[in-house]
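Asker: Same order as they appear, the protein sequences are chains A and B.
Residues 1 to 733, numbered by our numbering, are exactly what the first sequence covers, in order.
Residues 1 to 230, numbered by our numbering, are exactly what the second sequence covers, in order.
Among the hints, a few may not be true.
[Said to hold, decoys possible] Mimicking BS3-like on lysine-lysine, the simulated pairs with C-alpha atoms at most 27 Å apart in a straight line are:
no., chain 1, residue 1, chain 2, residue 2
1, B, Lys2, B, Lys28
2, B, Lys113, A, Lys409
3, B, Lys113, A, Lys438
4, B, Lys2, A, Lys328
5, B, Lys2, B, Lys64
6, A, Lys698, B, Lys64
7, A, Lys409, B, Lys64
8, A, Lys328, B, Lys109
9, A, Lys716, B, Lys104
10, B, Lys109, A, Lys438
11, A, Lys438, B, Lys64
12, B, Lys74, A, Lys328
13, A, Lys549, B, Lys113
14, B, Lys2, A, Lys409
15, A, Lys348, A, Lys205
16, A, Lys328, B, Lys64
17, B, Lys28, A, Lys183
[Stated by the list, open to error] Chain B regions said to be covered by chain A (calculated; three or more residues, Cβ under 8 Å):
no., region
18, 5-19
19, 47-53
20, 103-112
21, 117-131
Everything labelled a hint here was simulated from the structure, so no lab data went into it.
If you're wondering where the values come from, they're calculated on a predicted model, not measured in any experiment.
Glycine included, each C-beta is placed from N, C-alpha and C at the ideal position.
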Amino acid sequence: MTPQVIEAHQLTAAEYEKIVALLGREPTYTELGIFSVMWSEHCSYKSSRIHLKKLPTRSKLVLQGPGENAGIIDIGGGYAIAFKIESHNHPSFIEPFQGAATGVGGILRDIFTMGARPIAVMDALRFGPLDIPRNRRILQGVVSGIAHYGNCFGVPTVGGECVFEECYNGNPLVNAFALGVFKKDEVFYGKAKGVGNPVIYVGAKTGRDGIHGASMASAEFTEESKQKRPNVQVGDPFLEKLLLEACLEAMQTGAIVGIQDMGAAGLTCSTCEMGSRAETGVEIDLQYVPQRETGMTPYEIMLSESQERMLLVAEKGREEEVFRVFRKWGLDAVTVGRVTPDGILRVKDHGQVVAEIPNRALADEAPVYNRPYTKPYRPAPLQPPGELPAGDVKADLIALLDSGDICSKRWIWEQYDYMVRTNTLEGPGADAAIMRIKETGTSIAMSLDGNARYCVLDPREGAKLIVAECCRNLSTAGALPVAATNNLNFGNPERPEIMAQLVACIEGMAEACEFFETPITGGNVSLYNETLGEAIFPTPVMGIVGLMKTTPPTPVHFQQPDRAVILLGGFGECDNLRFGGTQYAKVILNALWGLPPALDMQYEKRVHEAIREIVSAGLAESAHDLSDGGLAVALAEAGFGAAGVGVRVEVPRADRQEIQLFHEAPSRILLTTAEPENVLAIARKFSVEAAQIGVTMKERLRIDCGSENLLDCDLKELRHPWETSLESTLHQP
Amino acid sequence: MKFGVVVFPGSNCDHDAWFAVSNNLGQKAEFIWHDATSLGDVDAVILPGGFSYGDYLRCGAIAKFSPVMQSVRKFADAGGLVLGICNGFQILTESGLLPGALIKNSGLKFACKPVPLRVETTNSPFTSDAAKGQRLVMPIAHGEGCYTADERTLDQLEAEDRVVLRYLENPNGSMRDIAGILNEERNVMGLMPHPDRASEPLMGSSDGLVILQSMVSAVAQASVLVEAKG
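Isolated chain A (complex conformation):
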């Protein structure tokens, strides 16, 4: 092996030395390829692993924590849910449509390989500003890709977020979350158990697409990256649908011992991980692998990331039961090898051994780096850029409602089938999506959230704020948060100041997840999100799920005039310093400074307890949590319902009304009720501030401060820009 070949496989000289030591000889070219994908950052988590150990992963409800294809939570009544989030950032930049589509396909396979039927998908998307045409094309491609895959497969896409920031210009983020449901005693694992059992390949044929996708996802972007387009896989959602039905049906035969999807690193990853988990060996012969191209080398077959494939181990002698099911669905199912006792991944090609590597060396002995870290990189000043200029409440509010992060994302989510399978009680556009489980009378609420501006100002506090926000979303829907998955999107971990962001975010997340009792059951780390040396803001995305009884959801929007409007949690506090990460600072002042909003986790948790009790007692006619854009934006958003009901509120005196109306202090929820006394009594019980700040009324939004009127306008004036902003931006010439 020449140093050039080793470097082209993104292995360091020291890593190569370790390979030679593990094998006791030089690797073959095929073996080098196998090591390079398994030891890539994407597959091995070599830079993050020691820090991920700090995350809480257990609770009474956790049936399966990190390390499997997805985490599993007990939801009662004999049922469980499996869920996970995964990134497809790099492919989505190179080829937005297929990159995003296969991102959805990959996470769906992670769910149904465990035996769960996927019932919901959500996506967290981040792009560069839309005034740049390329970013518009990327967004449209990504959205069409998600729609194409999810709609055809038959899983509803029920929520997510879409955020715009300069730093995602050359590095958009596509994080896909999926959740499935199954009986808790019918869980399948990726284990190659039982020496002598056949190893069976099912699904799509193997082609040359996606070779080295995992390594591509573990490097920075350069000018040459566009040449990597062939590394992006092509998705076929119809085939995935067949694979889903066939796998679930085959699992019912009782003949399947273990099963794992072929995702990143394809056949390589599935064989050695299944063997490693079961402490067995796996021997396959590539001549039996269904191929859609001729003349593929063992190297190409092992590293292909062709989509819609699964590897399973069946009970010896019961192969035919499995084959029968796959034949019914018109899919290839072929025995390609068997489970061996020796712990070795042995790959043959027409009987000739081309690779022979201990499974553990690949799956568990990957290098682990305790990379040096210093102080988190912080490209923003602590002090504001100057004296806060005087604002105009109405103009500022309209500008915020018209801005990319806050405006309605209807243009996006109407392209997603968010109702298929008729479980969606609350779909996109709400604080949390709610899916009912038809079998049990339980519903699952889920929220996906990130805030990179907070995290770049203070990664530790930013991560805690994200966990708090997700849990607040769920609680506002009336659900008890129970578990989480995380997607950590960062720059190059070999830069100590970027590594420091990652460490601080993980530690903040660990603290908050511990506190809010939402253990992390799995997730994904995406590093090297840099283009031409410019890193993205640290962007952890949380997906948190909660449990609630199946009841009609509490709407976000005001329902009727003359209802008491209560601000649960109080007006909150904010100074100049903590105003610098808000949407107001971004949109109106075009600046970023200071610190994220202050979070008191104890108080936040009491607010959650109070709102859950209020909602489950049926006292709230509407409930909406305050987040981006603060109080003023929440008041407007709650007025954008079908009923055309707005609000008249009174706010206290403040030095700077802009800060009072637009700051983003957490722990606050806006609700309407016909029984204000009962609501206030519950707030008192939990020692949570709450006050009636106004009443709902037809068609207008009015804000007063004593005798001074701060805002008085028709809802339509606010609603129009909010509703049309995204579409008109996308369709500009």
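Fit chain B to the given chain A structure using the hints.
Answerer: Frame of chain A, contents of chain B only:
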């Protein structure tokens, strides 16, 4: 009565139709696999939404050649009730059981949202329990739902009172706002909106039940007639 819900490999609203019928309508429902050469003893057939065989070519273009569609055609020829929802409507037009075609939405994008509709005729076994002019809200979820036919066909559909449902706010560019039509014999109906997704309050609307309920009434009436004759 018993509904048969046809399952193509890419059907993904088969369970929605099954659940609407069995859980929300309180009738029997069973699945019929796409290579079945017989429909068994069902009283009515639903072709559900989805992507029959992937539909990469043209929605429903391959489904029309499936064994089950030959049985469905025979069933319809004998007067059996056939309801095609979304992809089912596309398959019915491809198969020639209904006139016209469903092409890409005028907005060129997939569209998923509840839409208001108006019942145009109650002279059908699918709307006999509704009121003429009644407003129904049901979701659509399709990329190719723009109903298209030549002028003569459209005139004929209207002259023969075969337009069952019209959009009140046309979401896809369908000619003359057509959302659902009947065949000449009035026993086959196709519609793009999903009655299955509007069949209980938790879904946000129960308006779709009137379509399924009308089918139950029609089958009950027919069996009363048969018994009376017998």
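Asker: Hint by hint, note whether the structure agrees.
Answerer: Hints, one by one, checked against the model:
no.: 1; hint: B:Lys2 / B:Lys28; result: holds (5 Å)
no.: 2; hint: B:Lys113 / A:Lys409; result: holds (14 Å)
no.: 3; hint: B:Lys113 / A:Lys438; result: holds (22 Å)
no.: 4; hint: B:Lys2 / A:Lys328; result: holds (25 Å)
no.: 5; hint: B:Lys2 / B:Lys64; result: holds (24 Å)
no.: 6; hint: A:Lys698 / B:Lys64; result: violated (52 Å)
no.: 7; hint: A:Lys409 / B:Lys64; result: violated (37 Å)
no.: 8; hint: A:Lys328 / B:Lys109; result: violated (33 Å)
no.: 9; hint: A:Lys716 / B:Lys104; result: violated (32 Å)
no.: 10; hint: B:Lys109 / A:Lys438; result: violated (31 Å)
no.: 11; hint: A:Lys438 / B:Lys64; result: violated (33 Å)
no.: 12; hint: B:Lys74 / A:Lys328; result: holds (25 Å)
no.: 13; hint: A:Lys549 / B:Lys113; result: holds (26 Å)
no.: 14; hint: B:Lys2 / A:Lys409; result: violated (42 Å)
no.: 15; hint: A:Lys348 / A:Lys205; result: holds (18 Å)
no.: 16; hint: A:Lys328 / B:Lys64; result: holds (19 Å)
no.: 17; hint: B:Lys28 / A:Lys183; result: holds (25 Å)
no.: 18; hint: 5-19; result: holds (count 7)
no.: 19; hint: 47-53; result: holds (count 4)
no.: 20; hint: 103-112; result: holds (count 4)
no.: 21; hint: 117-131; result: violated (count 0)
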